[in-house]
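Number of protein chains: 2
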Amino acid sequence: MRILVGNHIDPSIRERGDMRAWTQRLFWFARPGDLLVLCCEPDEAFLDYALAHTGVPRSKLTILAAPAGAWDDRLLDPASLTSPAFLKTARAALDAAGGPGAVSEVFALWPSASVARFAAALDIAHRFPGAAFFAQGGGEIGNNKANFRALAAAAGVPILPGRVCRSHAEAIDATRELLETSGSGAVVVKQAHNGAGVGNQLLVRDPQLAVDHVGARHLHHLTPGETGIAAYWEQRWAWASGDGRWPVVIETFAPGADAVYSEYYAAATGTWPTEMGRLLYVGRRLSHQVVPLDEVSDPVRTALLDGGTRLAETYRAFGYRGHLSADALVLSDQSVVFTEVNAQVSGSLHIYQQVARRVVDVAAAPRRQVVEYHVPPSWMVPDFATFLAALDETGLAYDPHTRTGVIVSMPAIPLAPGAPAQFVFCIAYDPATGYDHAFARLGERFQTLPATAVDASEHVGYAAVSFSS
Amino acid sequence: MRILVGNHIDPSIRERGDMRAWTQRLFWFARPGDLLVLCCEPDEAFLDYALAHTGVPRSKLTILAAPAGAWDDRLLDPASLTSPAFLKTARAALDAAGGPGAVSEVFALWPSASVARFAAALDIAHRFPGAAFFAQGGGEIGNNKANFRALAAAAGVPILPGRVCRSHAEAIDATRELLETSGSGAVVVKQAHNGAGVGNQLLVRDPQLAVDHVGARHLHHLTPGETGIAAYWEQRWAWASGDGRWPVVIETFAPGADAVYSEYYAAATGTWPTEMGRLLYVGRRLSHQVVPLDEVSDPVRTALLDGGTRLAETYRAFGYRGHLSADALVLSDQSVVFTEVNAQVSGSLHIYQQVARRVVDVAAAPRRQVVEYHVPPSWMVPDFATFLAALDETGLAYDPHTRTGVIVSMPAIPLAPGAPAQFVFCIAYDPATGYDHAFARLGERFQTLPATAVDASEHVGYAAVSFSS
Numbered sequence: 483m484r485i486l487v488g489n490h491i492d493p494s495i496r497e498r499g500d501m502r503a504w505t506q507r508l509f510w511f512a513r514p515g516d517l518l519v520l521c522c523e524p525d526e527a528f529l530d531y532a533l534a535h536t537g538v539p540r541s542k543l544t545i546l547a548a549p550a551g552a553w554d555d556r557l558l559d560p561a562s563l564t565s566p567a568f569l570k571t572a573r574a575a576l577d578a579a580g581g582p583g584a585v586s587e588v589f590a591l592w593p594s595a596s597v598a599r600f601a602a603a604l605d606i607a608h609r610f611p612g613a614a615f616f617a618q619g620g621g622e623i624g625n626n627k628a629n630f631r632a633l634a635a636a637a638g639v640p641i642l643p644g645r646v647c648r649s650h651a652e653a654i655d656a657t658r659e660l661l662e663t664s665g666s667g668a669v670v671v672k673q674a675h676n677g678a679g680v681g682n683q684l685l686v687r688d689p690q691l692a693v694d695h696v697g698a699r700h701l702h703h704l705t706p707g708e709t710g711i712a713a714y715w716e717q718r719w720a721w722a723s724g725d726g727r728w729p730v731v732i733e734t735f736a737p738g739a740d741a742v743y744s745e746y747y748a749a750a751t752g753t754w755p756t757e758m759g760r761l762l763y764v765g766r767r768l769s770h771q772v773v774p775l776d777e778v779s780d781p782v783r784t785a786l787l788d789g790g791t792r793l794a795e796t797y798r799a800f801g802y803r804g805h806l807s808a809d810a811l812v813l814s815d816q817s818v819v820f821t822e823v824n825a826q827v828s829g830s831l832h833i834y835q836q837v838a839r840r841v842v843d844v845a846a847a848p849r850r851q852v853v854e855y856h857v858p859p860s861w862m863v864p865d866f867a868t869f870l871a872a873l874d875e876t877g878l879a880y881d882p883h884t885r886t887g888v889i890v891s892m893p894a895i896p897l898a899p900g901a902p903a904q905f906v907f908c909i910a911y912d913p914a915t916g917y918d919h920a921f922a923r924l925g926e927r928f929q930t931l932p933a934t935a936v937d938a939s940e941h942v943g944y945a946a947v948s949f950s951s
Numbered sequence: 483m484r485i486l487v488g489n490h491i492d493p494s495i496r497e498r499g500d501m502r503a504w505t506q507r508l509f510w511f512a513r514p515g516d517l518l519v520l521c522c523e524p525d526e527a528f529l530d531y532a533l534a535h536t537g538v539p540r541s542k543l544t545i546l547a548a549p550a551g552a553w554d555d556r557l558l559d560p561a562s563l564t565s566p567a568f569l570k571t572a573r574a575a576l577d578a579a580g581g582p583g584a585v586s587e588v589f590a591l592w593p594s595a596s597v598a599r600f601a602a603a604l605d606i607a608h609r610f611p612g613a614a615f616f617a618q619g620g621g622e623i624g625n626n627k628a629n630f631r632a633l634a635a636a637a638g639v640p641i642l643p644g645r646v647c648r649s650h651a652e653a654i655d656a657t658r659e660l661l662e663t664s665g666s667g668a669v670v671v672k673q674a675h676n677g678a679g680v681g682n683q684l685l686v687r688d689p690q691l692a693v694d695h696v697g698a699r700h701l702h703h704l705t706p707g708e709t710g711i712a713a714y715w716e717q718r719w720a721w722a723s724g725d726g727r728w729p730v731v732i733e734t735f736a737p738g739a740d741a742v743y744s745e746y747y748a749a750a751t752g753t754w755p756t757e758m759g760r761l762l763y764v765g766r767r768l769s770h771q772v773v774p775l776d777e778v779s780d781p782v783r784t785a786l787l788d789g790g791t792r793l794a795e796t797y798r799a800f801g802y803r804g805h806l807s808a809d810a811l812v813l814s815d816q817s818v819v820f821t822e823v824n825a826q827v828s829g830s831l832h833i834y835q836q837v838a839r840r841v842v843d844v845a846a847a848p849r850r851q852v853v854e855y856h857v858p859p860s861w862m863v864p865d866f867a868t869f870l871a872a873l874d875e876t877g878l879a880y881d882p883h884t885r886t887g888v889i890v891s892m893p894a895i896p897l898a899p900g901a902p903a904q905f906v907f908c909i910a911y912d913p914a915t916g917y918d919h920a921f922a923r924l925g926e927r928f929q930t931l932p933a934t935a936v937d938a939s940e941h942v943g944y945a946a947v948s949f950s951s
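So the sequences go chain by chain: A and B. Residues 483 to 951 in the working numbering are what the first sequence spells out, letter by letter. Residues 483 to 951 in the working numbering are what the second sequence spells out, letter by letter.
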């Protein structure tokens, strides 16, 4: 058996609002006998739905909700995992399943020290890869975009020109210097800890620059000259640095680049690649991602794999263990530059490892491909049942015989009463025909706002969340 | 020729008050032809004094003061190194000495990104080991006591039981947990970025516990029970975390331990040990240190060397290049545990590499040893000339024939007009007779306050500084 912990980045590093839905993608990873830990009671409708796809009987799983802590059941309070009452419950569940000796692995969506302490309290620390490192806060080291730049530079992996800034004054200097040398007259500002472009802001001199496809939720048009730079940082240093808590990354902006990634597993014995894929942004939001990676040349594929491998080896060398994702851009000259490493279970692992390989088996003949979409902010999906009903009516529900169709990846829990549900869903498709048709048909059903009604920065359509740790 | 940069930790990470004196220990490293960069004009009296010991003619050195920046000449403003005017000056100095091709090494007391940019601007980035890593803020990664614990744990190097905390609530939990399991009923709280014990606070339940010899400037007696822990953190979380900027380390306190260190050089090709030594604390301040390390058993020496080597290899693996120091404790059971790594030029390098080996040649027969003392806060030394005069009168000045006597390590610049000078000085001595006599004679001359008049935490004697980066 394994213990799967449906957690997220420690709230003491970055406090997400409500991770109940996103962390239940954990169900995709479950195998018979596993013990799952969530921050909340499972969404039974989604649980049944996911298990129907993976073929795991509900009766073969033990699912525990950790006690509500400082964030009620919206976030997993790291301290809850080792509360005496929960440890008692977890020990009883373990004993019923053969005791600590029966645990083959502790798997957590985020490599928190609290998971290491939980494993130690259950006498299974040796089943949590990297436990000693994570117990001392190592998870933070591997998930920091500033650290990434230094580590990548040391490993000789290509990155964009940029700087890591620790003060407002350094940020002004760096912005001026990078704008001078950047051909695009634009730079990207990145928070050290955030995901899916939500912590990125694009600073542009030219209002005509095409930026819709870029992973940067926020956009700022610089007024000309030094004043514009100073005015920006006066306004945004506190946001970018988390009130001075984190270094801020500033990089030159590469127009017209494609966003791709290469994932790895880092074990004590070495690293190996697990999958490559592509991220697509619309309105500067992460819109969808495609696995396996297609439509790249062999040299691009090789550069992505080689650079990613060097990064994975670097992260392994300082102690990281587990899954990691190296994000990169394919520039218009077909060179590959790396932009960050997420040393955690990414928002892609469930897609390629579980949906694409386990459920769809994309490599079998005829070959299939999987895209995972965020419900766009211009759609109005009231709830999970309505969405499933629409899939049935349109014939878009996943069909195991054709190995095509829609598979919802997570529960659809509205963030507020009456608010539309936001979630992600996969479309398995034939590469020869693509996924546009299926997506368009769902759009006909659920789009209620023109796409232009959504402000990419400020979500004036409906409130939007990002699904990443 | 080499370029030696007399800098210190970037003020954007930790703003030291006045580093003019301490950074001039740079003179000990100078060799004929070198170009030295300081934050201020050199202290000519000390410069002549140091060069008289190393035998380097003043005329063979070029010494540049970087333009005064945000901290006047008290601290090196990292931005000053790449100001156009200073780059012009530096380029002219380089051209006079044969151009960029004549530079064999860029050496900096602290691995700042600004030094990497300075080297790049002079076309000698390849002469600054680790330039790409440091240019992206890598210096911060290797000089953080929280990162150290994770990296050491991953490397399997022994550390004390402890935790890395990112929030007030985690700190309370960790303190409670560690006090429960600590035999001493005491824990040490450490700021992530500080030195010489100034960022450490000892929390003790038992007011009778012997703590005078411990490297923890601050002391707090916990009131009994949970309330005492909560009250402490209410008061000190902001101090310990730098207003939330840094993780806080909490470790169990090991009574009666000896503080030792092992230093290394990390190069692209590998690491090698450079020296081991001992730190001695009095009144919880760093009082003096002794090189080479003596009075340890062979197993202790082996454990120190082996653990330090593993740490050096880990730091090298993620990109650090240059000198580094692994600090450790020898516990009362003679086991060795590591407490931090300073991946920078330590406060020991000038002692062992320059004073002990180059000036005194301690390994020659008859063998010598070197201790470096901080002027105790109970002494009143008005200025450098008075101290040198006292050395002459007492016959304690360093004598190249006997290879014993006092060598002052840095300029004696009073921190305020009329304040006593605080500095460090070495005593070269015969191991058979020791250094107590020489130190006592100087004390007879300069001690003006009873040692008990000095509050170890709050410096109610005279204001005291710590000399580390």
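Calculated directly from the structure, the hints in this document are not laboratory data. Since this is a predicted model, take the numbers as computed values, not measurements. Check the hints yourself; a few may be wrong.
The list makes no distinction among identical chains, and a pair is therefore deemed to hold if it is satisfied within one copy or across any two copies.
Here are the simulated EDC-like pairs of lysine to aspartate or glutamate, each with C-alpha atoms no more than 20 Å apart in a straight line [to be verified]:
# : residue 1 : residue 2
1 : Lys570    : Glu659
2 : Lys542    : Glu795
3 : Lys570    : Glu716
4 : Lys570    : Asp776
5 : Lys542    : Asp530
**Prompt:** Among the hints numbered above, which are violated by the structure, and what are their numbers in rising order?
**Reply:** 2, 3 and 4
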